[in-house]
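S.K.: Sequence:
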Amino acid sequence: MQAGWLIYAMGGGWGHLNRAIAIARPLAQHHSVHILTNSPYAPFMQSYLSVLPNLQFHTLAPDIPLSEACYQIWRWLKTLPYTGLLVDTFPRGLVGELADLLPKLSDRSRILIHRDLNPRYVASHHLTDFVRCHYERLWIPGEGTAVPFATLPQVRQSAPWLVRQPGELGDRSTACTLLNVEPHDPSPLVLVLLAGQPEEQAFFVALSEAIAHTFPQVTLRLLAPEPPKGTLPYPWIAHYPAMDVLWMADVVIGSGGYNTVHECIALKVPLIAVPWKRLYDRQAMRLKRLQNNNQDMHIAYSLPEVMSVLEWVLATAPASQRQMPPDFVNGAIAPEVLQDLSSYIT
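Just so you know, we're using the working numbering here: the sequence shown kicks off at 1110 and counts up by one.
Hints should not be assumed to be uniformly reliable.
Straight-line alpha carbon distances no greater than 20 Å define the calculated EDC-like cross-link-like pairs of lysine to aspartate or glutamate that follow [stated by the list, open to error]: (1) Lys1386 <-> Glu1308; (2) Lys1338 <-> Glu1308; (3) Lys1338 <-> Glu1291; (4) Lys1386 <-> Glu1414; (5) Lys1187 <-> Asp1209; (6) Lys1377 <-> Asp1436; (7) Lys1187 <-> Asp1216; (8) Lys1377 <-> Glu1277; (9) Lys1338 <-> Asp1353; (10) Lys1187 <-> Glu1177; (11) Lys1386 <-> Asp1436; (12) Lys1213 <-> Glu1245; (13) Lys1386 <-> Asp1353; (14) Lys1377 <-> Asp1405; (15) Lys1377 <-> Glu1245; (16) Lys1213 <-> Asp1172; (17) Lys1397 <-> Glu1414.
If you're looking for bench data, these hints aren't it; they were derived computationally from the structure.
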């Protein structure tokens, strides 16, 4: 069988597919890569990606019936050409559909991308023993040592896996064009990232309206994959990946999800993060852990708290007027990561 990769990136939202794309881009330079996803943002994300001949997406509709989704995933796992399987976050699959199949894939290397998981979920499904038995390697990209499987012997740590590489981000003029902002505008730039559940999106829309009313001196942009509901007194921007424009912001306001947090840290951009409750992810824990070493990270739990923190940030930090993005570390292109992964399919 020809050497290649299959990446299981099932799960709603941005994170699973974004990490998959981050590692797929360097892997696809030398091998075929197939990405399985049911992210509702997949078509939007694909439309912004450069074509890589070795990279293929296999997409399920987010609302597909469970039995049909499981059947399609099993079919792909059994028929697509690959010698290495990368599974993002969920060792048994999103709904347990990999539990019976993984033992039958003993001729394929199996590697887990270990984002944080709720310990209650891990304990209820006996996942530590399952991972120990069925995965040859675990890579923890930026989530530290407090995640559930961090003490297993097959674990390796890396910097966060980011979808952009150093040198790929444009200059100020390019970012301003994407954001519809004047390059010489001296006002602070505030970016609000809209994603998540409907009630969370409504929160960020209401927050944006409050910012526009309370801080008329700022330039405000809302980054969203589709038009927010309602009539907005400010522009919304659809662009992927967000890293192309995040670096120019004076303040970013978003959730405590993997992408938002690690991208802002990498780009050295102040972040006001609202941690949302998730069934599997622990956003508040991620933020508290990383806040200890990042003075530009602020946690807020309500709209008034966000407004209060934003007022303080605007008062204490002048507009940056960055001309170029900073250099940053991307764990997805680290030699030790790529060399280790390569050893499992050659």
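S.K.: Hints first: check each against the structure and report whether it holds.
M.R.: Quick rundown of the hints versus the structure:
1. Lys1386 <-> Glu1308: With a Cα-Cα distance of about 12 Å, the restraint between Lys1386 and Glu1308 holds, given a limit of 20 Å.
2. Lys1338 <-> Glu1308: holds, 12 Å
3. Lys1338 <-> Glu1291: Judged against 20 Å, a Cα distance of about 26 Å means the pair is violated.
4. Lys1386 <-> Glu1414: holds, 17 Å
5. Lys1187 <-> Asp1209: holds, 13 Å
6. Lys1377 <-> Asp1436: Cα-Cα ~9 Å, so holds.
7. Lys1187 <-> Asp1216: Roughly 12 Å separates the two Cα atoms, so the pair holds.
8. Lys1377 <-> Glu1277: Holds: Lys1377 and Glu1277 sit about 16 Å apart, inside 20 Å.
9. Lys1338 <-> Asp1353: violated, 25 Å
10. Lys1187 <-> Glu1177: Holds, at about 15 Å.
11. Lys1386 <-> Asp1436: violated, 32 Å
12. Lys1213 <-> Glu1245: holds, 14 Å
13. Lys1386 <-> Asp1353: violated, 28 Å
14. Lys1377 <-> Asp1405: Given pair Lys1377, Asp1405 holds - Cα atoms ~8 Å apart, limit 20 Å.
15. Lys1377 <-> Glu1245: Measuring from Cα to Cα gives roughly 34 Å; hence the hint is violated.
16. Lys1213 <-> Asp1172: violated, 28 Å
17. Lys1397 <-> Glu1414: Within the cut-off at roughly 16 Å; holds.
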